[in-house]
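A.B. asks: Given these sequences and hints, build the entire structure.
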Amino acid sequence: MKGRVLQKSLFLCVLLLCCCLSVSFAQKQTVRLNYWTFMEVNKPYWEGRAEEYSKANPNVRIELSATNYPYEEMHEKLLMATVSGSGAPELCDVEIGKFGFFLRGEIPFYDLTDVVNKYKEKLLDIRLKAYEYKGKAYGFDYHIGAGLTYYNTDLFTKNGLRVDSIKTWDDFISAGKKITKDTNGDGKSDIWMTDVETNDLHIIKLLAMQRGGGVYNGKGEIILASQANIDAIKFLQDLVFKHQIARIAPGGQHFDASYFPWVNEGNIAAIVMPQWYMGVMMSNMPDLNGKVAVRPLPRVVPGGKRSGMSGGTATVITKSINPKHLDIAKDFLAFGKLTREAQILIWTRMGYDPYRMDVYDLPELKKPLPYFNNEPVAQMIKELWRSNDIPNDNMGPYYPEVLEQLRERIPYRAFQKREDPATILKDALKEVEEKIE
Amino acid sequence: MAKKSKITPYVFLLPFLLLFVIFRFWPLVSSFLLSLQKLKGIGAEEFIGLENYRNLFKDLRFTFTLQITSYFTGGSLILLAIIPLLLANVLFLNRARLRNVYRAVIFLPGLVSLVVVGTVFRLILADQNGLLNKALGLLGVQPIPWLMAAELTVPSLIIIALWRWTGMNIVYFTSGLSSISPEVYEAARIDGAAGFSLFRFITLPLMKPIIIFVVTIGIIGGYQVFVEPYVLYSAGRTPGDSGLTTVLYIYRLAFRNFDMGYASAVGIVLALIIFLVSIVQFQFTGFFRKRQ
Amino acid sequence: MIKYRMKWNAVRSAAQSFFLAIVSFVYFVPIYWMIISSVKPANRIFSQVTFFPTRFSLENYASLFSSVIFYVSPYFNWYVSTIIMAGGYVLTAVITCALAGYAFAQFNFKGKNALFLVILITQMIPFHLIVIPLFLLTSKLRLIDTYVGGFLPIAVSPFGLFYMRQFMLDISKDLLDAGRIDGLSEYALFRKIVLPLIKPGLAAMAIFFSMDYLNNLLWPLVALRRENRLPLAVGIASLINQYKPRYGMVMAASTLATIPFLILFLLLRKQFEQGMGAMIKIVEK
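Quick note, the sequences are listed as chains R, G and X, same order.
Quick note: the first sequence uses numbering that gives the first Met the number 0, first residue 0, plus one each step.
Quick note: the second sequence uses numbering that gives the first Met the number 0, first residue 0, plus one each step.
Quick note: the third sequence uses numbering that gives the first Met the number 0, first residue 0, plus one each step.
Be aware that one or more of the hints could be misleading.
Restricting the straight-line Cα-Cα distance to at most 25 Å, the calculated cross-link-like pairs of lysine-lysine (PhoX-like) are [said to hold, decoys possible]: (1) R:Lys318 x X:Lys6; (2) R:Lys434 x G:Lys57; (3) G:Lys37 x R:Lys434; (4) R:Lys241 x R:Lys180; (5) G:Lys57 x R:Lys425; (6) G:Lys133 x R:Lys187; (7) G:Lys37 x R:Lys429; (8) X:Lys139 x G:Lys37; (9) R:Lys135 x R:Lys429; (10) G:Lys133 x R:Lys429.
If you're looking for bench data, these hints aren't it; they were derived computationally from the structure.
Model, not experiment: these values are computed from the prediction.
C.D. replies: As structure tokens, then:
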């Protein structure tokens, strides 16, 4: 009798034990990931995605710790961390202009080709190519980065002009002459049509690409000193010095702390920047809510291109990740950037232009944006794409060096020193060539 | 009498020597080696002999940084030799009342961390609302774009250097002045010298060693300036790169462009230049000549 | 004649005092402005520039410390890091230099002069020359992003050695021999007799070294990664480099980083000047 009770209780114990064990096996696996970025708006995006991923996957819980650093510092820190093998985050945003520096020698990022291949055919190839090396993909972008013009509708209405009347750069100049004025009688203009940066490259790059110029051509040659680039700089110099409808941006850069309030107060009528500047405007220029109309760039010649591509950020998985978590991280990255849902959210949550083209026909991308003149901006981008108005920003091994020139040497000489564009570009090209072996 | 153990000195020396060999001597050797290599990427070193040095001589950017650094060092040195000397003179020789207070106040800037100095001055030299421009505005002067105009970058850095190191140099000069015995002055006064001639013929020559010392520190410090441009401007991004001092250039080459071999070569050449300039300076001011 | 002379002297004296007062004032303004700005409401730092602010507010300090809680900027951690690493730096430097200085000063051993010369020459080598190899070395030793890595690699100070040795040369040999006769071991000798004698030198060294560490931006910038390991230098620099710099917080952070030193200096002025004086005399030789 006693023996039977003993047997039964033993059996029960074993059963209980098995249940407990299986429950613990079925418990969630927690993956802790560190993530660095330099764009403020990316931080809450990934934090949100981490939570959603954890909800969608019963077996995994992702704990994301996101940090935002200023642009230069973040890349310097990443470089130091990968070289020293210590302190690198598992996930990191790397901008297109710095990506190339990491591809020389042992690459500190994991190969993500398998993830990319799952979604490749739906995505714009050029935004993936930028982060490839020897056929392997090490990262993928958030967006296209189409070049656009942001118009202050108030200034146009005040001067009896219509934003849509600007079709070519000539229209732009004549509108500019009416809008640029001296409002306080000190002999210097206070309201300006547009501005140029002396510390950054976007307006130069976009106008150059419109004309067929840029960094690399499709054949892997550096076209920094091409005639198209020379013409673009010359044209911008004319806007500043000849027509006098453009000034140097306060603070020298469209991200400077002194720039935002200046724009917010309505001192400028048109800003030429890539698409991702939309989010920046929304966070930093609250008084312009509802007063910004987004349009393509004016044409250079009738039938010319109305846009360009500039900027770009890849998210990588560094070799500091625990290899057991690699597959989950890859899946998470795709969840955040490549899936159809992700590409929709990239637009709705961060305001970047997706590069998965079938997404543009969905209702989320047809919604008018109150801040931007209550217009469905995404549709305009779609139209630009369909009409082949966005030239490709081709990649090459010395892309970062060329970008460095475009950012740090060329604009200052062009707009502050007013030097001859051909000379400036020739010198810049020479400096780049010295680095090529 | 207990014998002095033979081992004792070595034991006492050991901690220092250990640190020295590992963290000073070896890196020195290593930096020579690095300068002969090209680090293309992580773990991709390639021995290239003197090629880095050959490229260095052709590098216009490097010459540019030398110009800037020399401009800064020269400018701040001149001011930092003359002004503290005059101030020390006034403070010390003329027994001004409250002179300890003045000395302490002028010295305070030297206690402030360089980073804080850069940070605070970034706001003082700001364009529209900076303290300096506001003050100048009271005198009717238009706001000066200290931090935005390339020509004003080095002057801004010199202003900061002047503010920070005056007090320190005054201390050096004061101790030098105090070591001149009053009898020498008495003798000179009896001979009819007064005021400025006293200064020129007695004070200056006797202060020579201190002045040389101050100038030497100034040269060594000036050529290595990094913190001030880095903090005064965001990560050292100056208008048109007009504040690209050589050490800032080395930092960028190493940690931005990942060109550590080349950066090491630049470092070595810079060290040689500092050494040479110091020697020239010694020669010029007669350090090596026999004392009279 | 004498009266004229006296009047001229008086005038000159007054003029000089006036001149000195102005100069001191100008030199004091930035520090004063920093402190005042830190206790003003943040948005008034630029808009209201008078000597005595009309509105006081501790909001900057509040946001500085509350930001710790919300992890916006770990200011408190920076303070702690700085104390740990500066402390480590000073301790390491003072101990190694004192020990080695004693060895050089009071003992004779083979190669003493040659070794001393070599060490001294390396003092003249600028830091930037070794920062890259030091970084790579520290990486290999796995000390990157650690407190130890933040101070140990730079705690060698040939200058400190020179200074300590100078101090110790003055210790009378007879005193030491007397101690030895009494049966004291070399180490006890050092601890009980030598150290107390060089106290002012140690104090001066401690002050110099800690100032030295606080001014060092390059090494912590390179060697430390994690936000909360950064010392004040790097932390404050990063604070002002953000796109939206919070000037109020920056001023408060700077003030907090500076005030302890100012107070320390004012209290220890005598010792400080003694130490400086000694150093200059050494240099003169």
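A.B. asks: Hint by hint, which ones does this structure get wrong, listed from lowest number up?
C.D. replies: 1, 9 and 10
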